[in-house]
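Asks: As a plain string of letters, each chain reads:
Number of protein chains: 6
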Amino acid sequence: MKKGIGHYHIGDAFDDFILIKSSARGVASNGKPFLTLILRDATGEIEAKLWEITKEDEEVFIPEQIVRLTGEVNQFRGKPQLKIFSIRPSNASDGVQVEDFVAKAPVEKEVLMEKLTEAIFEMQNPSLQRMVRALVKKYQEGLLTYPAATKNHHEYVSGLLHHIVSMLSLAKELHTLYPETNKDLLYAGVILHDLGKVKELSGVVTTSYTLEGKLLGHIPMMVEEIGNMAKELQIDGEEVLILQHLILSHHGKAEWGSPKPPLIREAELLHLIDLVDARMNMLNRALDKVKPGEFTDRLFALDNRSFYKPLFEDN
Amino acid sequence: MKKGIGHYHIGDAFDDFILIKSSARGVASNGKPFLTLILRDATGEIEAKLWEITKEDEEVFIPEQIVRLTGEVNQFRGKPQLKIFSIRPSNASDGVQVEDFVAKAPVEKEVLMEKLTEAIFEMQNPSLQRMVRALVKKYQEGLLTYPAATKNHHEYVSGLLHHIVSMLSLAKELHTLYPETNKDLLYAGVILHDLGKVKELSGVVTTSYTLEGKLLGHIPMMVEEIGNMAKELQIDGEEVLILQHLILSHHGKAEWGSPKPPLIREAELLHLIDLVDARMNMLNRALDKVKPGEFTDRLFALDNRSFYKPLFEDN
Amino acid sequence: MKKGIGHYHIGDAFDDFILIKSSARGVASNGKPFLTLILRDATGEIEAKLWEITKEDEEVFIPEQIVRLTGEVNQFRGKPQLKIFSIRPSNASDGVQVEDFVAKAPVEKEVLMEKLTEAIFEMQNPSLQRMVRALVKKYQEGLLTYPAATKNHHEYVSGLLHHIVSMLSLAKELHTLYPETNKDLLYAGVILHDLGKVKELSGVVTTSYTLEGKLLGHIPMMVEEIGNMAKELQIDGEEVLILQHLILSHHGKAEWGSPKPPLIREAELLHLIDLVDARMNMLNRALDKVKPGEFTDRLFALDNRSFYKPLFEDN
Amino acid sequence: MKKGIGHYHIGDAFDDFILIKSSARGVASNGKPFLTLILRDATGEIEAKLWEITKEDEEVFIPEQIVRLTGEVNQFRGKPQLKIFSIRPSNASDGVQVEDFVAKAPVEKEVLMEKLTEAIFEMQNPSLQRMVRALVKKYQEGLLTYPAATKNHHEYVSGLLHHIVSMLSLAKELHTLYPETNKDLLYAGVILHDLGKVKELSGVVTTSYTLEGKLLGHIPMMVEEIGNMAKELQIDGEEVLILQHLILSHHGKAEWGSPKPPLIREAELLHLIDLVDARMNMLNRALDKVKPGEFTDRLFALDNRSFYKPLFEDN
Amino acid sequence: MKKGIGHYHIGDAFDDFILIKSSARGVASNGKPFLTLILRDATGEIEAKLWEITKEDEEVFIPEQIVRLTGEVNQFRGKPQLKIFSIRPSNASDGVQVEDFVAKAPVEKEVLMEKLTEAIFEMQNPSLQRMVRALVKKYQEGLLTYPAATKNHHEYVSGLLHHIVSMLSLAKELHTLYPETNKDLLYAGVILHDLGKVKELSGVVTTSYTLEGKLLGHIPMMVEEIGNMAKELQIDGEEVLILQHLILSHHGKAEWGSPKPPLIREAELLHLIDLVDARMNMLNRALDKVKPGEFTDRLFALDNRSFYKPLFEDN
Amino acid sequence: MKKGIGHYHIGDAFDDFILIKSSARGVASNGKPFLTLILRDATGEIEAKLWEITKEDEEVFIPEQIVRLTGEVNQFRGKPQLKIFSIRPSNASDGVQVEDFVAKAPVEKEVLMEKLTEAIFEMQNPSLQRMVRALVKKYQEGLLTYPAATKNHHEYVSGLLHHIVSMLSLAKELHTLYPETNKDLLYAGVILHDLGKVKELSGVVTTSYTLEGKLLGHIPMMVEEIGNMAKELQIDGEEVLILQHLILSHHGKAEWGSPKPPLIREAELLHLIDLVDARMNMLNRALDKVKPGEFTDRLFALDNRSFYKPLFEDN
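Residue numbers (numbering that gives the first Met the number 0), protein chains in the order written: chain A, 0 to 314; chain B, 0 to 314; chain C, 0 to 314; chain D, 0 to 314; chain E, 0 to 314; chain F, 0 to 314.
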């Protein structure tokens, strides 16, 4: 069996460290308090009930606490639930850390950053290159670690950078196939399109939306950032406006959050590249969990479809 | 009969000055060139054909030229058309000017600006007041003359200012009726909500969209402006973000151009006030042209509805 | 802490009278019967479980029974639940009555009725005034007490009247700002627009829909009422038809229940006033429950949005 | 060639009487006035231009005037146009009348009325029967002659009655196939469902919408009529409400004009019967005009579809 | 009380045989395993919990096992639940069989098949008749027993055949009322329209979708079948194409699964007949379960409507 | 000036050969017949009027006739129109042929076919390879010459093959970037996805829809073809079904003509690749016609958007 809670089946025994993602107090039908824990590691998450808790339990078993747990995977209302036999908080001598329990991009962030840097070097339009370089530098820390989203696709540490680098490869190949496209503009759009997520999302481990993320969203924030940076770098010329348009329009339609649809060739292509990479990331990871001849779970961000893995796939 | 082309009926004789809005060359079935003129004054516009033209005619009868014209209002394919008996360009001694032929707000722009200034004086939140004051000052010239839109509502000189001042009256009364609302925030939202139109639209007389108007639109541009101005004035605090949200969300829904819907009470109210004032402006002007017992033309921006004026209205 | 169940937090002890809104029998996993009670007072409602009940319990703890209850507010599946320590039915000496536990309009119904009467006095069109007066008289009893809806907005005793009077203030101010509007027609529309609710809804305390409410709805019922009353009062003239149209179209669109959209200026304005007042009522009450810096619960009737209360609001 | 303008092809000579449906004055590129005539007979309509007209022509060639015309069917901008060689108004000795040029139901109205009467005789529920009988009597004149619509289906003299009688046959058969259905209720719904058209439409020959048709529509008007008639006949009982519901819901969905969807079995069936008969009427008439192997014109009321007549149909 | 679980009310005692439809293991709050059973007979289904189970219980109480059960119908979270007092698997001497617990068409399949055969005999177009005959023969076994759907309408043994025969009656009558229609084509469409369900659905008792059902659906599969059969029978001529079109378009719209809408008269009629029969089947069965004066449950496939049975219906 | 009618501007003189695409007779206001010609060459098309024609003219100037024409490009109702000074049919000695006037893929069809053959050679799954090879062979003639559509994208000779080969390059690169994808399946889907167009479209020069194209569409026809070919080649295994699913689902959504959405990873990717290549083809060709700083015409198949070519693009 592959390691990690995402690979357990109903009936499997569990004996490992795992991270508490959330913890909520309830009162059972016998009047005793209990905790509903959401436990996670890098492969997935599972619910567990800790019955008849003490006051100390409530103070110990809190979010971001790692625990040592033995139990069994059961089913409750059609979903897996981890039945707890024993549980204790981890201690220093256990040698476990929060980051061990968090999914990460399948490529090291240093490698990803190197590829990003290479792409920037390839750019020849000085206005575009300078803006991209300055913004990447300004948000480098977040860029190295943030996920690309809170769920659905690339929702892991360095997911944003992974998504960008994967899209850059796509952009490069598409530019070769359609040489009429402006590669520099495409690269700039790819690199900056979701950089606003660094301000929209709250952080890396338990990611939620910031207040400005909720009230403005990453798209208008990034449009403003580009405007500011152009002023700061004293860059004039249509590149600034066009780049702002690429960011603004990359969701493709008003109802998907882009007040203007793509009106520039590279804006249209950026939107399509984003779509392809996000969907392939979701699909590959969902299909990785099933055997040939099986269907995946329903994938919410893919119109709730459940995908089939053909028998002739040797997985 | 009220003066102005908007008040003519089929069969009426015409003998007056009028402004050429557009002019396009065609070739008639007899092989002779002709001009299709769109003529306008402050009350409306009408098409006319100038048959068998000379080269000079083509050079003289161009947009923004005032002409002296005699003719008759006919009907062609169900729409009024001005049959030309005689036409000549105006000259200095005629004492007519372009601005005489352009619709203007029914209130003088100085009066409107005074009312706007009063409203700003009423504001007590220093962050909001300073931002509003600075942005009004920065865009004062456009604010005094721009229309609120290229068509549909307040599409006349100083229409933007007229719309703002009318909405301020609404805001004041609604704040009295719903005292829980924050008047300063509401005022700031009303004053700035469409100020980006000064950058989105090309000018006052023959208004079209600028390139940045087409690629970004007035909403993201104004969000950026507020961010910039706050930096310039070194204003911190949630007011900046909240005000940006009011601007961003004032169209109410993603499909109407607001990537975030209103998530603040005053943002919701701003959206509704904008709706009420725009619709009443359209309705009042359309109903002003018909008699009791008649229906207006179809109003595109009101879902193509045609409105009825009851018989018991004394017009 | 403000009084009332709507103001309790998880962990608070409860010791007070409260009204049973509904009661349903279940069987626990230990095979013993229990009751799921929905308890309410004027500020909100909460679920509670009464475990291991007797036959008598089932007969005593029924809807509209007031009970004396001690307990604690817990959380169950993410929602508050009142854990019962002790419970007994109220008795005569307790001095509590059902109406103490029901939300009421924040203004006394006599005051509201007075304002309504004043508005009717202002009306000068005799046809409209006579119809309004007669219908208000006919349905006065329901008008004084009915809610404006079963949920969402003005869903409290005298909510309908409160909504009408609030809209009348709005109508008065809007007529001042847009003097072209016909005030009498607007008043008549406001007063009668939802009067059919008195026939559509079943009553004041535990409000549901009547059979004719389900099969016809308040809009066609009120259109018919106006037609009947006009016949009874022998009123001729376009006012009858126009008023019927205002009622018919006040939901604004076919998909919202108006087979005809507003085709009269005052019909459009009536629709907008109704929207403004309903939304402000929902928003003010939802925001009243949260502190600055917090978001409200999702508001179903406002597209499921969750609204933010800015930090600079002094609540 | 079948008689009637609907059967002419491009190039055919025309020499017959025909009715002027509408007449509009224009001015040609040579400055001379002309008339655009819409000419019709019972089989269709065609446009014609009458060039270089005199004042008398304008007074003579007006709507509802029959003319004797020779000419040729040409094509103009892809549509047939009748080129006029000679034209004169008909006179008494011509022996032609307006009603000869108007399409009529393929069955005599007396026969239709007899079938309607038979159906009413079949009804056994006294409340339903009395209401139907009274309303049919009240609107008998219009019922005998009105079309069922201004266009799309049964848009000919006695079209409404033809539609009702055809639906009654359907209702009878469906009741046999689904004996659980209440035949009396179904009959009552069928007979009354569109009777409000008699008030919604302006008349038989050049049919448009009345003011109350535009502002209320036939559905709410008929609901009110049924309520009134029940009062007049002092009929109590659920039949009145249920019958009102059938009328109200027979368009099937809010966006199609029914504020309540069918919530009674017979209401659902009424909606479906109406659909079947309207569509078959449109389809049969459109396919009657084409040969096997051809497609019909696009049918607007059938989602703009163009239908194919198979080769194996013997026409 | 009518026999069958579909006719029980809360509080009723149960003592009868019943079939296990599905069985899922869970762990209760006391740590003991239990089974959640879905039990069914021909009249409906109900949930039951079997507490504190043994390993053997898990092996015995599995899908398609008949059990003898005593218990009581309770309510849990608003839905009926069968509280188990005693349960045992049926044995040979009980004389019960799976097919006794499965709903069947109200008419014997032999009778239905006879009617189908008669209809085929009536057909006169040799191409259509031969294709229909051959396909009915090829799929006769499935046709005799398959349901028409997994849920919503005709979801019982021989439901498909029942649906076809009922539609044939409708088709016959509609052809009489609209004699322009091609009866043979209509019959062929009716008989074959859902025959692909025999390949789309997995079987008769616990019906789910086959892999090709999920990936292609019954419509394209049947189009292919008709093409193949025509080749096999060496049938040429437009009938093959037209019949394929009828099958392809019978869902009426692209969003309902028909890539082409009906473009042939009989295709449109087939779609409508299918609609009428499916809806009447659902409605009749839902209304059969309620008393006059009551509403049915919400019917998902009828837009979630809840239908009313009038008081004047004698049930 | 680039050669070809697509590169002319208003006022340009024309003196060249051109092909008649369509010809329609009309009658002018002076009573004389004329022809409306649509003229085309490989770069575009233009309307022209041939006034006062003779009978012979009507017989000579017919579709697919090449003519020698002198004239001038004018504007009529906002669209270019070619004013004819002289016109004559081409003759043998002119050395012009129809195919000179038809747009072709920018790559020779032999080169394209070679690339297709290479891709087939790369395939390793024998079932997929054999089916693809056999179908390409069967439809080779059409595949070499057909357009990919009647309008919008790749609507030129060999457009279908050009589209396939371009998508194969995309598929190859995407397989490299996402190695989890099955390249053989992707190639098979790409090659066959639109092959049904060879049966759906009528031909190469004046392309319209065939009857089976209208009644079935290329998707169900190709699904059937694959099924037939698999039978003929006696290929079993899931590959057949999966490949049929890829074809069936490649439009992505039911409302776009795919009764099943993609439920296989490669089906999703096929849909996206198709989208990218079709859109880039449209965009590149539209932008090729405008200068930097200009907007293209509205592109119907791209939601009617008009795209901007930035100033910094060197054209």
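Everything labelled a hint here was simulated from the structure, so no lab data went into it.
Just to be clear, a hint being listed does not mean it is correct.
Pairs involving identical chains hold if they fit within one copy or between any two copies, as the list cannot separate such chains.
[Claimed, not checked] No more than 25 Å apart at the CA atoms, straight line, and that leaves these computed lysine-lysine pairs for BS3-like:
id: 1; residue 1: K171; residue 2: K48
id: 2; residue 1: K78; residue 2: K2
id: 3; residue 1: K2; residue 2: K31
id: 4; residue 1: K31; residue 2: K290
id: 5; residue 1: K213; residue 2: K259
Every value quoted in this text rests on a predicted model; they were computed, and no experiment measured them.
Asks: Each of the hints needs a verdict: does it hold here or not?
Replies: Taking the hints in turn, this is what the structure says about them:
no., hint, result
1, K171 with K48, "neither (49 Å within a copy, 49 Å between copies)"
2, K78 with K2, "within (20 Å within a copy, 35 Å between copies)"
3, K2 with K31, "neither (34 Å within a copy, 28 Å between copies)"
4, K31 with K290, "neither (42 Å within a copy, 31 Å between copies)"
5, K213 with K259, "both (20 Å within a copy, 8 Å between copies)"
Of the numbered hints listed earlier, those contradicted by the structure are 1, 3, 4.
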